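> The listed protein sequences correspond, in order, to chains U and L. Numbering (this note's numbering) for the first sequence: 2 to 348. Numbering (this note's numbering) for the second sequence: 315 to 588.
No wet-lab data here; the hints were simulated from the structure. Please note that a few of the clues may not be correct.
Unchecked claim - With a straight-line cut-off of 30 Å between C-alpha atoms, the simulated BS3-like cross-links for lysine-lysine are:
1) L:Lys352 <-> U:Lys50
2) L:Lys494 <-> U:Lys107
3) U:Lys74 <-> L:Lys494
4) U:Lys108 <-> U:Lys133
5) U:Lys74 <-> L:Lys362
6) U:Lys108 <-> L:Lys494
7) U:Lys74 <-> U:Lys107
8) U:Lys104 <-> U:Lys131
9) U:Lys248 <-> U:Lys216
10) U:Lys308 <-> U:Lys216
11) U:Lys114 <-> U:Lys125
12) L:Lys494 <-> U:Lys104
13) U:Lys72 <-> L:Lys362
14) U:Lys8 <-> U:Lys308
What the hints assert, rightly or not - Heads up, incomplete: computed chain U residues facing chain L, CB under 7 Å, no partners named:
15) Leu55
16) Leu56
17) Glu76
18) Tyr92
19) Gly102
Since the structure is predicted, the reported quantities are computational estimates derived from the model, not experimental observations. Cβ coordinates follow ideal geometry from the N, Cα and C atoms, glycine included.
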Amino acid sequence: MTHVSIKELTKVYPGASEPSLDRLSLEIPTGELTALLGPSGCGKTTTMKMIAGLLEPTSGDVTFDGRSILKDKPENRGVVMVFQNYLLFPYMSVAENIGFGLKMRKKDPEEIKRRVGEMLELVKLPDLGKRKPSALSGGQQQRVALARALIVQPNVLLLDEPLSNLDAHLRFEMRDLIRSLQQEMGITTIFVTHDQEEAVVLADRVALILDGRMKQYDVAEAFYKRPVDEATARFFGGQNFIAGTAKDAVFEGSFGRLQLPEGANQGNGVLTFRPENVLLNSEPSAVNSLEATISDKIYLGTQTRLKVRIGEEVADVISNPSDVEGLSPGDTITLTLPPGILWMLTS
Amino acid sequence: MSTRESLITRNFRVLTGLVLITWLILPLIPLAIWSFAKGWFFPDLLPKTWSLRAWEYAMSDTAGVVDSLWLTIGISLAATVLSILVGVPAGRALGMYKFRGKEIVELMILAPTIVPGIAVVLGIHSVFIFMGLNNSIPGVILVHLVPTLPYMVLVMAGIFANYDASFEAQARSLGASPLKTFWYVTLPAIMPGIIVGGLFAFLVSWSQYILTLLIGGGRVVTLPLLLFNFATSGRNDITGAIGMIYILPGIIILLLTARHLSGRSGAVGGFGQI
């Protein structure tokens, strides 16, 4: 039960001209699962190590329930970090690995044995306690690493790219396991990832960090519907950016005039919309309908991506494969951009 | 193809074994025979009469062999422990970190294996006289570090070059203090290096002659000094008996640690790492 607050956290490595992390501020409410999302080298692992006490920040502060923890030693912070490559101690059995944290806290050996057994049940590896970590699969090692962290009931759990080393079919299993254990134990959890999909499926809220600075901190949906700028939208797979001017909920650009939702940003800027939200084959009379010519069609299995020309502009549209069956490059179609899917970015 | 290769490999192994036996074991056989001989003269292939006289003398109080054996064991153990205490942190610094002047430090550590000990020890001798360390056991232990440290540091640098320090971060994060982290996480990982480096250090210290003679001033009589005394006085039988005692630790240590020297462990493979 810990509210984590990060204030203006900055890290400049010795000899570096640019900060690796530039004044990051975040409020992570008790019991929430937050993702720090960003490309590799954006400062997210640096942030995590500073929270864990493995790295000293250049400036800024980290508080747990209002109390600064920067002076505390790593072993006294109540923070456990699970590294990307699991780092199971190779000389110890699975059970000894899981019990390590309790042994360091000088718990009674009988109690350690009992709790390790419970933990093995919880991560669904009840019979593997005596094995050496090297005899486990990647997914099993991940679960042992998670069990080893959770057994000490940390105030804050840090996960470094928890799903990235796993096969596709294991990812959802592990996602559900992490999510259910985290919810059950109510541990405030922060994880870092470079994969926006991983962030979206696992986190309550996502903090996007680009070039050492935080771009946006919000629920996952907001990054698709209301990105703060073009770079943020692009990071989440946004492709459509049309320059123009917005005034009184009307967009004026090379598309012509488009109706914007009430309360849209005003002024010069860029109009964006998700490729998957565009409606195809609609009535020409509908609001915001446009004539478009298909210039390319890419079949992606569960969806089909169309590149279309609208006047001078090129736009991306993603649709259900069955909806665009029979269409081929050169065909003309009618698209509709309902006002609800349009988002105006102004600087 | 594979059976052919394995045949070649096996023949090669047998050949290597023979060469090693010829080099290492054969020269010891006359020594062993001498220790049980009561006179052994040309052109006899074996001594005419046998006796345990040399062994009885070597084990007696008057010869001082037993005292010297314990003294040598003590000095070599102390030099080994000190080598480990210095070599582990030094090897960590050289194996894991980049710093200014690293090449110079490496060269300085390697220097005793290149520069003859006699050249160094004359300088050390005058310093030790000044510090009152000459003619003393601590002085001999300290001067033995000159040839033992390079082996220890090199082995440990190789170990640490392949060592992942994030295991230590993980242990700290799980609640281990720095001391417990070293004990439960670092030490098991570097143990093969400590064993191999310690073995080298012990044997190098064990076989020191010149350094012990000069710094000990003839008062610290280790086994090699005693052995040399008897060898120069022409007592081949007693020399043979003491010689047998002298090579014993080497053989015992080798047998105990053969597993770590086989090349399957990272400790020896690490030589080429820095």
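> If a hint holds in the structure, say so; if it doesn't, say that too.
Tested hints:
Annotation: proposed proximity of lysine 352 of chain L to lysine 50 of chain U is violated, straight-line Cα distance about 75 Å (limit 30 Å). Distance restraint check for lysine 494 of chain L and lysine 107 of chain U: the Cα-Cα separation of roughly 12 Å lies within the 30 Å cut-off, and the hinted pair is therefore satisfied. A hinted pair counts as satisfied when its Cα atoms are at most 30 Å apart, and lysine 74 of chain U with lysine 494 of chain L qualifies at roughly 14 Å. Our distance criterion of 30 Å between C-alpha atoms is met by lysine 108 of chain U and lysine 133 of chain U, whose separation comes to about 23 Å.
Among the hinted pairs, lysine 74 of chain U with lysine 362 of chain L is inconsistent with the structure: their alpha-carbon atoms are about 76 Å apart, more than 30 Å. Annotation: proposed proximity of lysine 108 of chain U to lysine 494 of chain L holds, straight-line Cα distance about 15 Å (limit 30 Å). Distance restraint check for lysine 74 of chain U and lysine 107 of chain U: the Cα-Cα separation of roughly 18 Å lies within the 30 Å cut-off, and the hinted pair is therefore satisfied. This hinted pair checks out: lysine 104 of chain U and lysine 131 of chain U have alpha carbons roughly 17 Å apart, not beyond 30 Å.
Straight-line distance between C-alpha atoms of lysine 248 of chain U and lysine 216 of chain U comes to about 26 Å, which keeps the hinted pair within the 30 Å bound. About 29 Å separates the Cα atoms of lysine 308 of chain U and lysine 216 of chain U, which keeps this hinted pair within 30 Å; it holds. At most 30 Å may separate the alpha-carbon atoms for a hinted pair to count; lysine 114 of chain U and lysine 125 of chain U meet this at roughly 16 Å. Of the pairs offered as hints, the one joining lysine 494 of chain L and lysine 104 of chain U holds, with about 10 Å between alpha carbons and a cut-off of 30 Å not exceeded.
Under the criterion of a C-alpha separation no larger than 30 Å, the hint pairing lysine 72 of chain U with lysine 362 of chain L is inconsistent with the structure, at around 82 Å. For the hint linking lysine 8 of chain U to lysine 308 of chain U, the alpha-carbon distance of about 43 Å lies beyond 30 Å, and the restraint is violated. This hint holds: leucine 55 of chain U has a C-beta 5 Å from the nearest C-beta of chain L, less than the 7 Å allowed. The restraint placing leucine 56 of chain U at the interface with chain L is violated, with a minimum CB-CB distance near 9 Å, outside the 7 Å limit.
A hinted interface residue such as glutamate 76 of chain U counts as satisfied when its beta carbon comes closer than 7 Å to some beta carbon of chain L; here the least separation is about 5 Å, so the hint holds. The criterion of a C-beta within 7 Å of any C-beta in chain L is met by tyrosine 92 of chain U, whose closest approach is roughly 4 Å, and the hint holds. Interface restraint check for glycine 102 of chain U: the shortest CB-CB distance to chain L comes to about 4 Å, inside 7 Å, so the restraint holds.
When each numbered hint is compared with the structure, violations occur for hints 1, 5, 13, 14 and 16.
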